[in-house]
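Protein chains in written order, with this note's numbering: chain A, 65 to 257; chain B, 88 to 663.
Honestly, the hints are just simulated from the structure, not real lab data.
Fair warning: there could be bad hints in the mix.
If you want a taste of the chain B side facing chain A, the calculated C-beta under 10 Å gives, among others [claimed, not checked]:
(1) L130
(2) M199
(3) E279
(4) E438
(5) S531
(6) K535
(7) Y594
(8) Q634
Where a beta carbon is used, it is the ideal one built from N, C-alpha and C, also for glycine.
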Amino acid sequence: MDRKEIRTGYNEGSENSKGHAVYIEENGKRYAIPYKTLKRVEFFNLNKTELIDQEHSARLQYRLLLLGAVIKAYVEFQNAKITVIYNPLEADNIKEKIGLDELIKFLGNEGVKVNKEHMEERDYDYYKEFYLYTFNPKTVRESTPYGTTLEQWRKEKLKWEKKLQKISEKKLKDFYEYQKEYERLHPEVYKTS
Amino acid sequence: MENSNNMQEKIDKNLEVYHRSIEEIERMPVVDETTTICPECKLIIKGIIYKDGDTVMIRKYCPEHKWAIEKYWEDYDMYIKARKYNYSGRGFDNPNVITPTKGANCPFDCAMCERHKSHTALANVVVTNRCHLSCWYCFFYAKEGEPIYEPSLDEIDKLLKNLRSQKPIPANAIQITGGEPTLHPNIVEIVELAKKNGFDQIQLNTTGINIGLHPELAVKLRHAGTSTLYMSFDGVSERANPKNHWEAPLTLDACRKSGISVVLVPTVIRGVNEHELGAMVNFALNNIDIVRSVNFQPVSLVGRMPTKEREKQRITIPGAIKLIEEQTNGVISRDDWESIPYIGGISKFIESITGEFKYDLSNHFACGSATYLFLDRNNKVVPIGRFVDLEGLIEHIQNAVKEMDGKSKTAKRIAAMNALLGFKKFIDKENQPKSVDFTKLLLSVLLKHDFTSIGKFQMKTLFLGMMHFQDEHTYDIKRVEKCDIHYAMPDGEVLPFCTFNVFPEIYRDKIQRQYSIPAAEWKESHPDWKYSSDKYVRNIAELKKNQSYKRTYGELIDFFAMQVNGGKPVANFVKE
Ligand code: SF4
Ligand code: SF4
């Protein structure tokens with residue numbers, strides 16, 4: 065798939081777009097997304113004893129995610145850090161929202177005192193920083209087929225990719241032929257119900 | 088947990104394992120250790136898998152909510168046998184999210200994170216949350232006034248492309264699901280899009296009702312590329328299958344006519360339909376011209392449910408397998424089943440020979456089991472294990488895989504040839520069905536390098552599968568991190584089935600709600616739509632008059648009537 069041609073543009077306030085905050089456009093196609101600008105806050109230098117351990121940190125992450133206005137949350141026990149991406153009060157959408165103070169209070173109730181001096185907050189572009197990545201994830205490692213070393217695989221990989229391409233072209237051709245034959249056997253396929 | 092000897096006398100044998108003191112439990116032999124969650128607060132805690140008589144149980148201790156125990160596998164010997172085929176597969180080279188925690192907070196770091204250990208074997212895509220039924224136990228569909236989730240064709244196309252660009256092994260089998268997917272106005276186009284995006288296997292997860300009532304839809308769906316109807320089917324009787332008992336015969340006929348094959352999908356609940364498991368296999372054999380498989384799903388008891396109720400309903404894979412053995416008069420015995428990663432062993436072999444990626448089935452051994460039945464000329468049902476030494480065969484294959492590891496192409500070819508020549512000794516020609524040459528079949532799979540070549544043998548075969556989806560009580564992180572049944576989410580993430588459904592509050596419902604539109608707004612943009620008009624109202628008397636109904640349920644052969652089977656016709660099987 066060609067992912068280079070992505071052109072984007074926000075299309076706000078279009079017809080029936082109250083539920084979706086925005087529409088984005090890629091290659092002339094329109095996709096609804098729920099958020100435009102969110103907030104990303106990072107609390108660092110936390111007191112590790114307040115996070116307790118890895119297991120409690122994971123549960124805190126779960127609890128943060130239970131909040132409707134929290135889109136993503138990461139509680140890093142090892143680095144004593146919490147990152148939250150949330151839908152702020154001032155956001156122009158009808159989704160659930162939360163303010164920073166409420167978030168801090170929530171963490172306080174969970175036993176984690178955060179200090180505004182050890183905090184960084186910034187705008188977070190839902191589309192550019194999250195959605196665009198999940199649909200175009202980077203390759204971060206290289207697996208090999210069973211029984212094949214990385215060295216062997218690197219020599220074969222290109223050939224394999226070409227073969228895959230050929231197979232998919234053939235599959236598509238076969239599918240169209242199958243459809244033609246099916247239409248012959250089932251002329252009712254074009255009947256409207 | 089109570090412990091009283093007086094009380095135990097009154098306890099059903101089946102529930103005994105739940106009624107022990109913790110001191111007693113701690114003395115029981117430990118089988119495995121894992122990580123699990125506290126069903127109450129979701130704290131990640133240690134899970135001890137232990138043996139209580141013949142049953143395998145899991146116990147866990149949460150500092151806040153104390154002890155919890157649950158049935159894990161209802162047969163120790165079968166657990167030990169299944170465990171042999173456990174291996175770690177491959178996750179994604181291009182995981183959809185990079186978490187700063189790198190999956191350490193699993194199962195709350197989905198998805199698909201770098202830690203995950205299986206590629207997508209089956210991708211689910213939800214195309215609507217509207218449904219034409221309102222089953223009391225279902226949380227998937229939008230109730231009146233709730234937001235509607237129904238992505239557009241372009242949005243679905245985007246999800247499909249995302250699945251197809253997974254590395255190193257792109258998703259190749261897809262299940263289009265809902266709600267009821269046939270309610271999506273573009274369902275035929277969606278199937279065709281999937282086909283054009285390169286998916287080989289396209290399944291439609293449906294009640295089958297719309298297809299039964301509108302057979303022309305089946306023709307359109309088949310033309311568009313639908314391979315299989317994944318049809319909910321909870322029993323042969325009206326009582327066990329109130330969802331689609333009356334329409335299923337029409338659906339089967341529509342599939343027959345259009346050429347769509349069918350997988351029957353029973354959710355198995357103890358005390359509800361567990362007495363009809365054999366009858367369902369029998370039903371499938373009676374419709375073997377189009378039914379390819381029965382995929383049993385022991386119930387997953389997600390959400391709040393009184394403990395007693397849960398204990399009564401709980402059934403696990405071996406529990407269901409043993410009931411099938413009983414209800415088929417031993418024709419399909421417990422020994423005929425293998426855990427799913429067994430098949431992964433064959434994929435490894437093919438991959439080692441070809442040096443190319445193949446589909447892997449690397450889910451955890453406790454997630455699923457399967458067997459293959461052959462229906463011979465004289466109506467005799469022969470499970471594969473009766474004429475193939477499955478354990479010997481896979482050991483032989485595994486040794487060959489080890490031998491080929493990292494070798495040159497020529498050395499691999501020699502090892503593969505030796506392995507192939509050795510296959511014969513694992514096949515008992517005397518007992519193999521008369522209509523089958525299994526050696527030929529196996530060689531075809533291994534030499535042509537794919538399982539689809541089985542279809543070309545024109546044999547009457549039925550695949551029996553079983554998958555026990557998890558819930559917070561049975562939860563095992565070692566299972567979920569290897570999950571290979573995934574959901575493509577509208578935000579581009581890909582979630583394992585057993586996080587999507589077990590934690591809907593942070594995954595399924597949360598993300599779908601973000602991408603849904605309020606019911607009022609849906610109504611505004613669909614002025615002709617009414618909630619009630621989505622709903623199906625059945626006329627039982629009319630449906631029962633149908634010839635298809637009478638034939639389907641009234642003329643069943645009972646393939647398991649005798650120990651040495653051969654079938655006998657049974658009139659009105661349903662009423663027996
Ligand atoms: S289940 Fe898989 S994707 Fe989800 S957090 Fe665990 S390893 Fe990651
Ligand atoms: S869906 Fe659940 S039961 Fe099935 S493979 Fe995934 S974790 Fe296992």
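Hint check, M199 of chain B versus chain A [nearest Cβ-Cβ separation less than 10 Å]
Because about 9 Å separates M199 of chain B from the closest Cβ in chain A, which is inside the 10 Å limit, the hint holds.
Per-residue hint verdict: L130 of chain B, partner chain A, C-beta under 10 Å
OK, holds: L130 of chain B within 10 Å of chain A, min 5 Å.
Identify whether the interface hint at Q634 of chain B stands, where standing means a beta carbon of chain A within less than 10 Å of its own.
20 Å, violated
Close enough to count: is the Cβ of E438 of chain B nearer than 10 Å to one in chain A?
4 Å, holds
Any CB of chain A closer than 10 Å to the CB of S531 of chain B?
Since chain A brings no Cβ nearer than about 19 Å to S531 of chain B, farther than 10 Å, the hint is violated.
Hint status (Cβ of Y594 of chain B to nearest Cβ of chain A, threshold 10 Å)
9 Å, holds
At a threshold of 10 Å, is the proposed contact between E279 of chain B and chain A supported by beta-carbon distances?
9 Å, holds
So, K535 of chain B near chain A? Judge it on the closest CB pair being under 10 Å.
13 Å, violated
Violated hints for the displayed structure, listed by number in ascending order: 5, 6 and 8.
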